[in-house]
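Given next are the chains, with one letter for each unit.
Protein chains: 2
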Amino acid sequence: MSAQIKVKRLNSQDAGFKETLLSSLSLPMADDEAIEAAVAKILLAVKENGDSAVLDFTKQFDRLNVTSVSELEIPKKDLEQAYKSLSAEQKNALDVAAQRVRAYHEKQKIEAGCHSWEYEEADGTRLGQKVTPLDRVGIYVPGGKAAYPSSVLMNAIPAKVAGVEQVIMVVPTPDGARNPLVLAAAYLAGVDRVFTIGGAQAVGALAYGTKTIPSVDKIVGPGNAYVAAAKRRVFGIVGIDMIAGPSEILVLCDGSSNPDWIAMDLFSQAEHDEQAQSILLCPDAAFIEQVQASINKLLPEMPRAKVIEASLTNRALLIQVKDMSEACEIANAIAAEHLEICAADPRKWAEKIRHAGAIFMGNYTSESLGDYCAGPNHVLPTARTARFSSPLGVYDFIKRSSMIEVSEAGAQTLGSVASTLAHGEGLQAHARAAEMRLKK
Amino acid sequence: MSAQIKVKRLNSQDAGFKETLLSSLSLPMADDEAIEAAVAKILLAVKENGDSAVLDFTKQFDRLNVTSVSELEIPKKDLEQAYKSLSAEQKNALDVAAQRVRAYHEKQKIEAGCHSWEYEEADGTRLGQKVTPLDRVGIYVPGGKAAYPSSVLMNAIPAKVAGVEQVIMVVPTPDGARNPLVLAAAYLAGVDRVFTIGGAQAVGALAYGTKTIPSVDKIVGPGNAYVAAAKRRVFGIVGIDMIAGPSEILVLCDGSSNPDWIAMDLFSQAEHDEQAQSILLCPDAAFIEQVQASINKLLPEMPRAKVIEASLTNRALLIQVKDMSEACEIANAIAAEHLEICAADPRKWAEKIRHAGAIFMGNYTSESLGDYCAGPNHVLPTARTARFSSPLGVYDFIKRSSMIEVSEAGAQTLGSVASTLAHGEGLQAHARAAEMRLKK
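As you go down the protein sequences, you meet chains A and B in turn. Straight run, no breaks: the first sequence in full-length UniProt numbering ends on number 440. Straight run, no breaks: the second sequence in full-length UniProt numbering ends on number 440.
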C-alpha cells in the first residue's frame with residue numbers, strides 16, 4: 001500500500017555531525033499569536049462570568065446545549081457504570097494497569113522522600129520540612145480521537161497516592177460523545193468529580209473556579225495548543241505540569257536485537273503524530289540496513305501507516321555510531337523522553353546515561369509496556385527537558401514547608417550571625433529583630 | 001521623624017471579611033508590554049550574536065567598556081581575595097551561615113529522597129528511578145543596592161549539595177562596582193565561574209550559551225522585572241525556579257509575645273520594598289493595640305523608615321480573629337511565604353497549617369534568623385503559591401529517570417495487558433510492539 005520510505009541516515013564520524021543532529025532535534029517554536037489572543041479572551045470571560053461563560057463556550061465549541069454547568073457533571077455512578085459495561089478483557093487490562101501504576105507510585109512515595117522530617121540540634125533548635133499533599137488537583141483529559149484512558153490513570157493515580165483530597169477531571173465531549181474507557185479509568189483511578197468541558201474554558205474554570213466548578217491548586221494533563229497556551233497563562237495562579245512537546249523515542253541497539261522489534265518500537269512513537277520523533281543509534285551498519293528493511297516490510301500492515309510514514313519521513317534518524325559508549329554520549333546530548341537500550345548488557349550502558357525521561361532496558365522492555373502497565377508514569381519530559389525535569393510523580397502532588405524552631409540558646413548564637421549579615425545587606429529591621437532576642 | 005501611621009485593621013467576624021482579605025492579598029498583574037518587547041529583543045540578539053551582543057548590552061546598561069566577554073569573568077582568586085578581605089566578624093558570620101545552610105541541605109538530600117531506588121518483582125522485572133544532578137546551573141544575583149550575599153549562599157549551596165558539577169553565577173556590576181560580600185559568598189558556596197553581566201542579556205547568555213559563556217540547564221535566583229520576563233521566556237529551553245513576587249510575612253500570635261518583637265518582625269518584611277506585605281492575626285484586641293503602638297514607637301528609629309512606612313500603609317493588616325484555631329484556617333487561605341507562630345504552644349498550631357513556605361515556631365524564631373543562618377532555604381513560594389510549591393531545595397537541582405527492565409516472563413503478562421489497552425486507544429503499533437515479545 002504505502003510507498004517505500006527511506007529514513008534519513010547519519011554517521012557520527014561525519015563532519016558536522018553534532019550540529020546536524022542538534023538541528024534535527026529542534027522544532028520551530030509554535031508561537032501562534034491567533035491562539036494566544038483567543039485563549040486570553042476565553043480566560044478573561046471565564047474569570048469574569050464564571051459558569052455562564054463556560055456554558056457559552058461549551059455550546060459554541062462542543063455543541064452541548066445545556067442550561068446549567070451542573071448538567072455537565074458526570075455523576076459517579078455513571079463512571080462505575082462505564083467500568084461495568086466493559087468487556088471482561090478490557091476490565092482486566094485496566095484493573096492490572098491501575099493496580100501496577102498504583103503499586104509503583106506507592107513505592108515512589110516512600111523512596112522519593114514524600115514525607116516530613118525533622119532533626120534537633122544540641123541547643124534544642126529543631127529544623128526540618130513538613131510535607132503536605134495539594135488540596136485539589138485538576139486533570140485535563142483530551143476528548144475526541146486522542147482520548148486515552150491510560151493518561152487518566154497516569155495523571156490521577158499519583159495525585160491520589162500523594163493524598164490529594166479532590167481530583168477533578170475535565171474532558172470535552174463534542175456532540176455529547178463519551179468514551180466509556182476514559183470514564184472507566186476515572187472510576188478506577190478514584191477521580192472525585194468529572195465535568196464534560198474542555199479547551200481553554202476548562203483550564204480557566206479550574207484555575208479561577210466558578211460557582212459550580214471549584215478552583216484547584218494545580219492543573220495537569222495533555223491538551224491541544226489552546227489548552228497548552230491556557231495552562232501557560234494561568235501558571236502562577238495554579239501550578240501546572242510541563243507543557244509537553246511531540247513524543248520521542250531513542251533506541252540504542254548493539255545490533256543483537258530482532259530488527260522487526262526495533263522497527264515496531266520506532267513505529268510506536270511515530271504513530272502518535274506527524275511531529276513525533278524516532279531515532280536509532282547503532283554501531284552495526286548491517287543491522288541498520290535490516291531495520292530499514294523491516295520498516296518497509298512492516299509499514300503496509302499498520303492501520304496508522306500514513307501517520308507513521310509522515311513522522312518517519314519528517315523526523316526519524318538512523319544513526320551509525322562508533323560504538324555503544326559513543327551512543328551513550330550522544331544519548332546524553334539528545335536527552336530523550338523514551339530511551340530504549342536493546343543490548344546484551346543493558347545495565348552497563350544505562351549506567352552511562354545521565355539524561356532521559358525513562359530508560360527501557362533489554363529487548364523485552366518495549367516502550368509500549370511502559371506506556372500502559374509496567375507501573376512507572378508515562379508522562380515524561382520531552383524536547384530535551386529531561387536535562388532538568390522528571391517524570392510526573394507523587395512528588396508533583398505534594399509540597400514542602402520548612403519547619404524552624406529556634407531555641408532561646410539558639411537565638412543567641414544565630415542572632416549575632418544574622419545581625420552581622422543583615423547589617424552587611426543594609427537591612428536593619430532584620431538585624432534588630434534578631435538583636436531583640438539576644439539576652440542583654 | 002516619621003508621621004504616625006495607622007495600619008489597616010480587620011476583624012474576622014465582620015461581614016465580607018473573606019472577600020476583603022483575599023482582595024487585600026492580590027496585586028495587580030505586572031504585565032508590562034514595554035518590558036516584554038525589550039526583553040524579547042535582547043534575548044534574540046544574544047541568541048543570534050552571542051558574545052558581541054552581551055558586550056554591547058553590558059556597555060549600554062552597565063557602562064562596562066571591555067573588548068571581550070572573558071574580561072567580564074572574575075577569576076577564582078579574586079573571589080578568595082574578597083573573602084580574605086572581610087572583617088573577622090563578617091568572615092565568621094558568612095562561615096557559620098554557609099556551614100549551617102550546607103548542613104541542612106545535606107540532611108534534606110537524604111530525607112527528601114534525592115537518591116536512586118529500584119525494586120524487583122517475582123518474575124524478575126525491575127522497576128525504579130535513577131536520580132542524577134543537573135549538569136550545569138546558572139545563578140542570577142542582582143547587583144546594586146539589592147546585592148545580597150545570603151542569596152548567593154541560598155541558591156548555590158543546594159545546587160552544590162545536589163552534585164551539580166558547574167555553578168555559574170552572573171552578577172551585574174554597574175560602573176564596575178563589585179560587592180565584596182557577594183564575591184566572598186560565591187567563594188564559600190563553591191561557585192565555579194562568575195561573570196559580571198546582568199539583565200535579560202545575562203539570562204539569554206546562560207540559556208543559549210555564547211562562545212565564552214556556557215549554556216546551563218537551569219537558571220535560578222531573583223531579579224528585576226526584566227530578569228523575570230527573560231526567565232519566563234527561556235523556560236522550556238532551560239528550567240527556572242519560581243518567579244518571586246513581593247515578600248510576605250504572616251504572624252500568628254496568641255497575645256503572649258513581646259509586642260516590640262512582633263512589630264520588628266513586621267518591619268523586617270516591610271523594609272524589603274513598598275509592595276512587601278506584613279499581616280498579624282491575633283485574637284487579643286488589646287495586644288493588637290500594643291503592636292500598633294510599638295510600630296509607631298519603633299518606626300522613627302529605623303534607617304529604612306520610609307520604605308517600611310510605605311509598605312505598612314499600602315499593604316499591612318492587623319486582623320483580630322476569634323481564636324487561634326480560626327487564625328490557622330485563615331493562614332491556610334493566605335498560604336504565606338513566611339509564617340511565624342508566636343504562641344505558648346506553637347507546635348499545636350503548626351500542626352493545623354497546610355500551606356506556608358516556611359513556618360517559624362516560637363517567640364525566639366524571628367523570621368530574620370531563617371533569612372540568614374538557621375539553615376533552611378530563604379527562597380520561598382510567594383503570592384499564595386505555597387498551595388502547590390516548595391522552598392528551593394536540593395530536589396530542584398536533581399532530576400529522575402524511570403528505570404524499567406521487564407523480564408521475558410514479565411513481557412508475557414504485561415504484553416497482553418498493553419495490547420488490549422493499546423487497541424482500545426487505536427494505537428496498533430504500540431499493541432504490535434508488545435505482541436511481538438509474546439511467545440507463540
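Watch out, some of these pointers could steer you wrong.
Same chains, same label: a pair holds when it works inside one copy or across any pair of copies.
For lysine-lysine, the following BS3-like pairs were computed, each having C-alpha atoms within a straight-line distance of at most 30 Å [claimed, not checked]:
#, residue 1, residue 2
1, K8, K306
2, K160, K211
3, K41, K352
4, K84, K8
5, K84, K41
6, K130, K107
7, K160, K107
8, K352, K107
Because the hints were derived from the structure by calculation, they are not lab data.
Here's how the hints hold up against the structure:
Proximity of K8 to K306 under the C-alpha cut-off of 30 Å is restricted to the intra-copy arrangement: shortest distance 17 Å within a copy versus 66 Å between copies. Taking CA atoms no more than 30 Å apart as the test, K160 paired with K211 passes inside one copy only; the shortest distance there is 25 Å, against 47 Å between copies. Proximity of K41 and K352 under a CA criterion of 30 Å is satisfied in neither setting, with 48 Å inside one chain copy and 39 Å between copies. In the homo-oligomer, the alpha carbons of K84 and K8 never lie at most 30 Å apart, since the shortest distance is 47 Å inside one protomer and 58 Å across protomers.
When the C-alpha separation of K84 and K41 is checked against a cutoff of 30 Å, the pair qualifies neither within a copy, at 41 Å, nor between copies, at 57 Å. For the homomeric pair K130 and K107, the shortest alpha-carbon distances inside one copy (19 Å) and between copies (14 Å) are both at most 30 Å. Within a single copy, K160 and K107 get their C-alpha atoms as close as 13 Å, and across copies as close as 27 Å, so both meet the 30 Å cut-off. For the homomeric pair K352 and K107, the shortest alpha-carbon distances inside one copy (25 Å) and between copies (27 Å) are both at most 30 Å.
Violated hints, listed in ascending order, are 3, 4, 5; each of the other numbered hints is respected by the structure.
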